[in-house]
Every structure is written in structure tokens, then in C-alpha cells.
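Once you have looked at the hints, place chains B and C on chain A.
Residue numbers (this note's numbering), protein chains in the order written: chain A, 1 to 239; chain B, 1 to 78; chain C, 1 to 750.
Accuracy of the hints is not assured; some may be wrong.
[Claimed, not checked] Okay, the calculated beta carbon distance ranges per label pair:
#1 A/A70 with C/A359: 53 to 61 Å
#2 A/A40 with B/D50: 41 to 49 Å
#3 C/E736 with A/G96: 44 to 52 Å
#4 C/R324 with A/D28: 38 to 46 Å
#5 A/R173 with B/R73: 41 to 49 Å
#6 B/S28 with A/R137: 49 to 57 Å
#7 A/D177 with C/A327: 48 to 56 Å
#8 C/G395 with A/P132: 36 to 44 Å
#9 A/D28 with C/G354: 51 to 59 Å
#10 A/G133 with C/A394: 35 to 43 Å
#11 C/A135 with B/R73: 31 to 39 Å
#12 B/V39 with A/R185: 22 to 30 Å
[To be verified] One side of the interface only, derived from the structure: several residues of chain B facing chain A at Cβ under 8 Å:
#13 A21
#14 V22
#15 Q24
Hints are computed from structural coordinates only; laboratory data are not their basis. All C-beta atoms in this analysis are idealised placements derived from N, C-alpha and C, irrespective of residue type, glycine included.
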Amino acid sequence: MRFGVVVFPGSNCDRDCVHVLRGVLGRDVDELWSGDPSVAGADALILPGGFAYGDYLRAGAVAATAPIMAAVREFAGAGGPVLGICNGFQVLLEAGLLPGAMLRNRSLQFRCQPVHLRVESMRTPFTAGLRPGQVLRMPVAHGEGKYYAPEDLAARLEARDQIVFRYCDASGRPADDANPNGSLRHIAGVCNAAGNVVGLMPHPERASEAILGSTDGRLLFESVIAVLAARRRAERVPV
Amino acid sequence: MTTVRIVITLKPGILDAAGQAVRQGLTSLGYRDVGDVRVGRYLEIAVPQDVPPEQIEAMCERFLANPLIEEWRVGDAP
Amino acid sequence: MIQTSPAPEAVGLTRDEYEELTRRLGREPAALELRLFGVMWSEHCGYKHSRLTLRSLPAEGSRLLQGPGENAGVLDIGGGWAVAFKMESHNHPSAVDPYNGAATGVGGIIRDVLSMGARPIALLDSLRFGPLQDAAARRIATGVVAGIAGYGNCVGVPTVGGELVVDPRYAGNPLVNVACLGLLRADAVARAKASGEGNVVLYAGARTGRDGIGGAAFASAELDERSEHADRSAVQIGDPFTGKLLIEATLQALAAGGVVAIQDMGAGGLTCAASEMAARGGVGMRLDLDAIPLRESAMRAEEILLSESQERMLLVVRPEAAPRIAAIFHRWGLAAAAVGRVTSEQTLRVHRGGEEIAALPPYALADAPAYRPAAEEPAELRARWSVALPAPPAGDLSGILLRLLASPDIASKRAVFRQYDHSVQVRTVIGPGAGDAAVLRIPEAAPRGVALAIAGSGRVCALDPYRGARLAVAECTAALACAGAEPVGVTDCLNFGSPERPEIFWTFRRAVAGLADACRALRIPVVAGNVSFYNESPSGPIPPTPVVAMVGLIEDIGRTCGIAVRRAGEVVFLIEGAPPGLEGSAYLHVLHAAAAGRPADVDLPVHARVTAFVRTAVADGLLSSVHDCADGGVAVALAESALAGECGLDATLPGAGRRDAVLFGEGPSRFILTAPEDSAVRLAALAAAHGVRLAAVGRTGGSQVRLRVMERGEGAAGDGDVEPAPAHWDVDLSLEELAGAYNALSEVFA
Numbered sequence: 001m002r003f004g005v006v007v008f009p010g011s012n013c014d015r016d017c018v019h020v021l022r023g024v025l026g027r028d029v030d031e032l033w034s035g036d037p038s039v040a041g042a043d044a045l046i047l048p049g050g051f052a053y054g055d056y057l058r059a060g061a062v063a064a065t066a067p068i069m070a071a072v073r074e075f076a077g078a079g080g081p082v083l084g085i086c087n088g089f090q091v092l093l094e095a096g097l098l099p100g101a102m103l104r105n106r107s108l109q110f111r112c113q114p115v116h117l118r119v120e121s122m123r124t125p126f127t128a129g130l131r132p133g134q135v136l137r138m139p140v141a142h143g144e145g146k147y148y149a150p151e152d153l154a155a156r157l158e159a160r161d162q163i164v165f166r167y168c169d170a171s172g173r174p175a176d177d178a179n180p181n182g183s184l185r186h187i188a189g190v191c192n193a194a195g196n197v198v199g200l201m202p203h204p205e206r207a208s209e210a211i212l213g214s215t216d217g218r219l220l221f222e223s224v225i226a227v228l229a230a231r232r233r234a235e236r237v238p239v
Numbered sequence: 001m002t003t004v005r006i007v008i009t010l011k012p013g014i015l016d017a018a019g020q021a022v023r024q025g026l027t028s029l030g031y032r033d034v035g036d037v038r039v040g041r042y043l044e045i046a047v048p049q050d051v052p053p054e055q056i057e058a059m060c061e062r063f064l065a066n067p068l069i070e071e072w073r074v075g076d077a078p
Numbered sequence: 001m002i003q004t005s006p007a008p009e010a011v012g013l014t015r016d017e018y019e020e021l022t023r024r025l026g027r028e029p030a031a032l033e034l035r036l037f038g039v040m041w042s043e044h045c046g047y048k049h050s051r052l053t054l055r056s057l058p059a060e061g062s063r064l065l066q067g068p069g070e071n072a073g074v075l076d077i078g079g080g081w082a083v084a085f086k087m088e089s090h091n092h093p094s095a096v097d098p099y100n101g102a103a104t105g106v107g108g109i110i111r112d113v114l115s116m117g118a119r120p121i122a123l124l125d126s127l128r129f130g131p132l133q134d135a136a137a138r139r140i141a142t143g144v145v146a147g148i149a150g151y152g153n154c155v156g157v158p159t160v161g162g163e164l165v166v167d168p169r170y171a172g173n174p175l176v177n178v179a180c181l182g183l184l185r186a187d188a189v190a191r192a193k194a195s196g197e198g199n200v201v202l203y204a205g206a207r208t209g210r211d212g213i214g215g216a217a218f219a220s221a222e223l224d225e226r227s228e229h230a231d232r233s234a235v236q237i238g239d240p241f242t243g244k245l246l247i248e249a250t251l252q253a254l255a256a257g258g259v260v261a262i263q264d265m266g267a268g269g270l271t272c273a274a275s276e277m278a279a280r281g282g283v284g285m286r287l288d289l290d291a292i293p294l295r296e297s298a299m300r301a302e303e304i305l306l307s308e309s310q311e312r313m314l315l316v317v318r319p320e321a322a323p324r325i326a327a328i329f330h331r332w333g334l335a336a337a338a339v340g341r342v343t344s345e346q347t348l349r350v351h352r353g354g355e356e357i358a359a360l361p362p363y364a365l366a367d368a369p370a371y372r373p374a375a376e377e378p379a380e381l382r383a384r385w386s387v388a389l390p391a392p393p394a395g396d397l398s399g400i401l402l403r404l405l406a407s408p409d410i411a412s413k414r415a416v417f418r419q420y421d422h423s424v425q426v427r428t429v430i431g432p433g434a435g436d437a438a439v440l441r442i443p444e445a446a447p448r449g450v451a452l453a454i455a456g457s458g459r460v461c462a463l464d465p466y467r468g469a470r471l472a473v474a475e476c477t478a479a480l481a482c483a484g485a486e487p488v489g490v491t492d493c494l495n496f497g498s499p500e501r502p503e504i505f506w507t508f509r510r511a512v513a514g515l516a517d518a519c520r521a522l523r524i525p526v527v528a529g530n531v532s533f534y535n536e537s538p539s540g541p542i543p544p545t546p547v548v549a550m551v552g553l554i555e556d557i558g559r560t561c562g563i564a565v566r567r568a569g570e571v572v573f574l575i576e577g578a579p580p581g582l583e584g585s586a587y588l589h590v591l592h593a594a595a596a597g598r599p600a601d602v603d604l605p606v607h608a609r610v611t612a613f614v615r616t617a618v619a620d621g622l623l624s625s626v627h628d629c630a631d632g633g634v635a636v637a638l639a640e641s642a643l644a645g646e647c648g649l650d651a652t653l654p655g656a657g658r659r660d661a662v663l664f665g666e667g668p669s670r671f672i673l674t675a676p677e678d679s680a681v682r683l684a685a686l687a688a689a690h691g692v693r694l695a696a697v698g699r700t701g702g703s704q705v706r707l708r709v710m711e712r713g714e715g716a717a718g719d720g721d722v723e724p725a726p727a728h729w730d731v732d733l734s735l736e737e738l739a740g741a742y743n744a745l746s747e748v749f750a
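Isolated chain A, as found in the complex:
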């Protein structure tokens, strides 16, 4: 089982993702340079946070044109699990692999703070191991996290179980003052129609070790590991 962490010029959180996957969870991880056209046999892809290409033009816009994105698109089209974290989420939106768009935070400022998330959908590989309504705690760190979709699209996403995470208070209630960026319907993360591509603004890799304050983020990685392991057992491939 191999994870691929895509590295764009300007990605900052690739090393953090590699640390969690390799150092904490003991998995094989390849760093995939965005200039290369291949995802090199990865079983799951992570697009990490940072400021790919300086976030010039729009966050994630230039990165979405990188050579590796064709391979990412193909991998996603074949049902492979893809997780876009923060800037990675923005890249997936710009690449059309996830629905919606991102705007500047309501405060017009970068915000780095802990948030609570409520798990809204368990049909993605990254949330299959979680409970409905489970409340997770992890940090956000972004300036453009205000998720937006036009009303009709937003309604469709709700109806089709494509809202994966929502900002909420500690008791699990979505609320304005629990929303760090003003995103529509307090959306913190969404998935594609097939449910294999997920994007979220908060940073699960920063909440994977107790010493850093929370291990809730690790649950997302453990979930996809379990899903992949089950698939491999089903295919009789060594886990």
C-alpha cells in the first residue's frame, strides 16, 4: 500500500503529511513532484496544504494546470482515493475535480485557530471509519477558505451526500461563531459525486499526534488505510 503526496512549488505541508503517513502510521509514502506526469503506483493521493505557485491569480489556479494533474484526474476517475487538504482542496476545486469554489475569508485575514468539525458523510474512504455526527477537533490555517457554491449546486450537494464536513461548536452544532471563514452552510469539506475525492480546509496532519493537541485528524488517514486494506484483501493482494 503506497501513499502519494503531491508536491507543488510552494507546497508547505507536504513534509507534515509525509511525517504522519510514514513516521506515525508506518506507511510507504512517495513524494510526487508536480512536474512529473505520473502518480507512480500510488494507492491513495494526498494534495497537501501550502501556497502552490504562491497562490498567484487564485489559490490553486496555477497548480491545477501542473503536469501531474492529468494523472491525478485519471486516478480519481478510476475511483482512487484523493484527499485535498487546504491548498490541496483549492487545487482540486480549480481542477474541476470537486464542485464549488473558494473565496477569501469573511474577515479578509488569514486565520490560524483550532476548529471543530462535524462529520456529515461516511461514504468517502476518508470518513468510512468515522461515526455520523462525530465531532473532530483540528486546526485551520488559511486566508481563502470561504467555500462557495451557487444555491442550486449547494442544494444538490446536500441532497447527494456530498457535504463531508461542517464547522461546528464543541457540541456538534454548526454555528456562525464556529465558522472561521464564513463558508456557505458552514461547509468545511466536500466530496465529488462518486465520493472518492475529498477536500477539506482544516489540517488533519496537524492533529495526528497527542503532543500537538489532538489526534482526531489521524482518523481520516486510518480510515482510508482500512478501506484500502479491505480492498486489497478482497483482491487477495498483500496488505
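Coordinates of chains B and C only, in the frame set by chain A:
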């Protein structure tokens, strides 16, 4: 080569928080008659003289703007 | 084109300096050469007025791998790893263009640390502004914070701590000091000492433009020659995306082998980097300006040589490695070009268009004359010591605590630090607002961690620069002790007015003496530093403001501690290593707009004992929370701990005399701690072993902070049971009321 000017703004209906902040700043400076302010992006792109307008449109639609949230207008430099 | 030499004054040199440089050259300089001297011998680059005084700073220690003289200091932290540490100021640019001034300050200090071969892993900032009710000061403050956030966040280095101080004397003269910590293998320290005849001089990074031209060294008399260059800019613009690429490319290049020396191009640009690298190595260089990657057309030789375009490094590379190293930078989208060679003659030769246009001994450029400026104690200094303290207030000590909590120096800086990414790189164990020091884990050298503290004391230094500097050092060691960290190294920014004024230079000398004495006594080397002179405006100079940043080592990262009260039902302890005093206090400043009285000197042996006790108590896992008492004294510290933990507390404070002095008086070596009941015995024994008096003064719990000063005749502190007498509390405030005051800055930085 000629220079194409492109102005990209948020679609009407999308909250322009930056525009609101700018308007607030102007008001605090005493320019109280100022109405709506919109903040956008301005690009100048040097292209060959014979580039068809459709190509510029395609560049805007595919990359320079995000059609879900932005609109654009194209003009030539004087 | 024949270039007539400008007059020395036109490039910022005195007649005497001009004589000196002709003496060193053995001839008159060409016009271009004179301009290079003008920049290299400016105060900013040459440290003319400070260099001799700075020699008194201690730079020895068993962990010291690199002291002053390189781009940053380096300290061994064990396990095969080391940290690079340095602080820089960017005061004047931040006054002109707050966002870019602060942003390029961050970029510059990151590159200094990178030059040592270290990956930048943390930033701290020390900021000083005029009163924030003033629109101009607010514009500067919000711009600076946005600039630090804009650069630091994008470049991927967490800003984990800092301080923000407001005082009318900084209006128009903001101070922006930024410190950076980097991590590197102890056996892979890079240096900026050129060597090896025939080695390639390699330029890497962003292309060169006209950034920074028109800075301090150029006088207005040159208008004729400059008027055609309308696009000259005085303020450098940084690009954090390029800064990030530069970090990754440089670290890869250094790991590839073949790099002999490296330095970033900062102040003084290519000239400064080349001459310093050559001077350190006792070698020469030949530079070919035609090979320099340029961003602008028609750049003059002096512009190329003195440009302060950001995000550029200069390397010396073995010839066979040069193509491979250049390719690494190219792969990251950066310019990289061979622009010269190292030579064995001690001359820096500059060529353009096949012609030699300058030939100067590197040491002549890099080693500006050092002065012994006149120093004279300011006339009114002692008079300020004997100002009578205002009478104690009649009542409402609660109201006073609220006013102190709402004052800008004390109020929560959350509205500032939430704009900074403080958790990228997944090292931050204790971040901004959660502890007196920032705490980072170092998994590479597990189980070790490091702690970072920063403190300046302009208000106190204006009253006594010697004692003020010592107090800043003491405050840093106190903060590190709270994190369970042993201090290992110091960096400093010395911010002062004009050194040509004897009264100001006297304060500079006294502050350096205080810094030196304290660091020597506590055996902490000063590994690198920065001096910023000429911080003056029409309303006068800034107060003497030495800022100290300190790094400490935590043996076991699992044993550290923050300021937040953890649970109800625990004991509140107070250590008073020094008695509280109102001299030079925040209380006087906020309530009476006064800066008066002579602050007490820190008793370093006592301070060392007290901090050792605190550090050990933390390392032994005995404490739930610990907080040093700084601005606003014990009352503010207790309020902050309660707010951080969202848990109230009661405390009865020992002390005779004025209640306001007991509650709000300040002094070094004072801490409040909370710990479970069953730690009390071990804590008492530990305190006794360190010769430290530890007083149990209260209990945590509830949602109020209630404080009172013990009446005469009450039981001595240390009684096991400190149930408060019924009825009167001197301070009785809910957490909500306290929070309301403490969040006073949330509007300003919204």
C-alpha cells in the same frame, strides 16, 4: 504584438468583502458619498496582433478567471 | 562615458572616512568604487559606531558551534543536531511601507538562517508602535502584522511567539525586530567563507532589479544623474513564494556536495556578500556583471552591484559541481548562473563588457572604520529615578486590573497571532498565547525540544539602560524556565537613536554592558545580533530599546508546561524572588502615563536559583501551569492564567505596604504556579533544595478571579489551608469581565 487588457471581478451576487472593506476605508477618510465598490484583478497580456477574440475568451474561461465566481471583460490597451 | 566622482558626502561618507579609504586603496577611488564604499561603510552595513562596544558580548559556550561573524549563530542541541539563531531589525523600511518593510524583514532573517545550512523552523517578532488610537500608528501596526503574516505564512515558517508594545515614543519610529530559528545537522554547518582559487562564484535565486536603490547611502545631491531613472524604488518588495523555493533549492544544493561557502544577498546586495565572503576567506574574487541575471533593462553597474532585490544567494562552488548545483536551482524555477571566480589575490575585481570597472581589497570594503563615539550620561536620567510615586488609589483595584488587562502591552494579542500560521511544520507544542515561551518539538533529536522567548524593555531602559537590559535577559530566562528549558543562546536587536549624540551612545553602551554582564553571569553566549541606529523622528529619538531573544533546550519534550490553569481544586503558588515595585511599571505607565523611578536590578544568583527550581519542577512533571510575573505583576499573571484555562481562582497575597504595589508591582524572578494538592510536598522539598521560598497562596476553581492582599497580623503564607476570610476581596471579577478587558485589541487588528 498587441496588449490585451482584462478586468476580472466577482460575479454580482457574490459578496465582495474586499470591496466592502475598501468602501468603509473611503468613508472613514471622509468620502461619504461613495457608493458600491468592487475589487477585482487587472491583467495585461501581450499577444500577437492576429489572435482571435475567441482565444482570449478561452484563456479567460479556462484559467484566468474562475467562471463559477468571476466575470470578466476584455479590452485593448490604447 | 566619463563618470565624475561624486563628493564623499554625496555617498554618505565623511571627509575622514574618505581619507581612510584612499589610504587603504593607495589611490583615489573611481566613481563606482566610491559608491560601493558609500554603502558598505554606511552604519547599517558597517557597524561603525557599535562594533567596538559589541566586542564585550560573551560568545563562548560548550554548545557554541558558530558565534558572531557569520550570518547566524549555531548551537549544538545534542543528538547530532544543531540550531541556527539570529534576529534582525527592519525598522526604517516598516515606517515607509509597513507591509513590505515587515515582509522583507521576515524574508531577510530567514535567508540569514538558511545561509548556515539550516531549515528555518520558527519565527518570533518584537513589535513597537505609537498609540493605536492614532490612525497613522494603526495603519503601520496593521500593515506590519499583515506583512509578517503574508510572508511567513506563504514561506511556510510558523510564527510561534512575539511581543507587541505601544508607546508614544515609537510613533513615527516603529520597531520591527524578527528572530528566526533554523534546524541543521551539527556536522553540516555551512559558512560564508570563500576559498579555493578557481572555485566558481554562483548566483542563485530571483533576478536582480532596482530594489533598494536610493536608500540611505545616496544623498539628494545626486539628482542630476539619477533623474532619468524614474522607476527607482527605495523599498524592497519580497516574494515569499520565491523565498520558499529558495529554501528548498538551497537545502538541496547544500546536501548535494560541492558548495564551499554561501551567503544571502541582503543589505548591500552583491557587493556586501562578495566582499564579506572574500574577506572572511582572505581571498579575492572576480565578478562579471554581464553574467548577473537581471530583471530590468539598462541597469547601471552600481545598480547591479548594490541592488537589494530579495531572495538571492551567493555561493562559492567547486567547478566540477557548479553545473549540478545550478541545475538544482533551475529545477526549482530559480535563476542560477556562474558570475565569477575565486582568486588568490586579495582583490575584488568587477568586470563589465570586457572592462575592469572596479578593483578593491575585500577587507577595505567589509571592514568599515570603527569609532569610539563620545558618551555622556543624559542629564535628566537620575532626576527620573527620584520621582515620587503617585498615592495609592482609594478603591476599585478590580477596575485597575481591568484597565491593565485592556492596555495594549498586556492585552491579548490573539487578534494578531491568529493571522500567523503557528502550526505549520507540525513542531509547535506550545504556541502563541499558551505559554511564556514558545515550545517546539525536535523529533529528529527526540525526545528533545526547544523553547523560544523574546523580550525588550524600552520603558525600563529609558530609566536605566543597564538594569533594563539585564531585566530583558532575566525575563527571557524566566520564560524558558516556564517551558522547562535550559537557556543555550541569545540573539539581540539593539534599537537606539543616533549614536552621534553622546547621551544616546551612553545608553547604548550601558545597555550592551547590561546585556553582556547578564549573559556572562548566566553563561549564555550571544551568538549573533543586530544594531539599528538613527531611530529618530522630529519628535525625538526612541527610548533605548535592546530586544533579547533566547533559545533554550528541553531534554524531554513530554515535560513542558503552559500558563493555563488546568483544573479546579488545585493549589496556587507564588514565588517572589524579588519584591514587587512600581518603579517603571506598567501600572504607572497605564494609570499615570508616567515612566518614573529607578527599576530594581535583577539579582542574578537569586534569579538563577529561582529559574532552576521552576525548570526542574516542570521537568519533573510537578506543575499544572506556570507563568512568570511581568507587566502588571502578580494580579495580571493570575488573571491571564485563569483566562487561558477558563478556570477561576482565589488567592491571598502576602505583602506589607501598598495594596496596589503588592498586586501590580513588578520585579524579576517572580512566578505563579498551579499544581495538584499531592504535588505540594514534593514542590516544597524541591523549592527548599533550591533555596527558593514557595508560598501557597490560593486555590483554583469557580468562575471568578478573587484576590486580596493579606492584612497585617494574618497567618504567614505557606499555611496549608488558605481559605479566604469571608467578605472583602480587593479584586473580584468574573472570567467574562476579565475577558472583555483582555480582548481590547480585537477591534484594532480586525
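Interface hint compliance - B/A21 to chain A, C-beta minimum distance less than 8 Å: holds (6 Å)
Interface hint for B/Q24, Cβ within 8 Å of any Cβ on chain A: violated (11 Å)
31 to 39 Å was suggested as the range; check whether the CB atoms of C/A135 and B/R73 agree with it. With Cβ atoms ~35 Å apart, the hint holds.
Quick one: are C/E736 and A/G96 within 44 to 52 Å, going by C-beta? holds (48 Å)
So, as I understand it, the hint says B/V22 touches chain A; can you test that by seeing if any CB pair is closer than 8 Å? For B/V22, the interface hint is violated, since the closest Cβ of chain A sits about 10 Å away, which is over 8 Å.
Starting from the range 48 to 56 Å, see whether the pair A/D177 and C/A327 falls in it by beta-carbon distance. holds (51 Å)
Okay, C/R324 versus A/D28 on CB: inside 38 to 46 Å? Given about 29 Å between the Cβ atoms, the range is violated.
Verdict for B/S28, A/R137 (Cβ pair) under range 49 to 57 Å: Violated: the Cβ-Cβ distance is about 38 Å, outside 49 to 57 Å.
Using the C-beta atoms of A/R173 and B/R73, is the stated range 41 to 49 Å upheld? holds (43 Å)
Is the distance from the Cβ of A/G133 to the Cβ of C/A394 consistent with 35 to 43 Å? Since the Cβ atoms of A/G133 and C/A394 sit about 56 Å apart, the hinted range of 35 to 43 Å is violated.
Pairwise beta carbon distance, A/A40 to B/D50, judged against the given window 41 to 49 Å: holds (42 Å)
At the C-beta level, are A/A70 and C/A359 separated by a distance inside 53 to 61 Å? Once the Cβ atoms are compared, 55 Å apart, the range 53 to 61 Å for C/A359 and A/A70 holds.
In this structure, the earlier hints numbered 4, 6, 8, 10, 14, 15 are contradicted, and the remaining ones agree with it.
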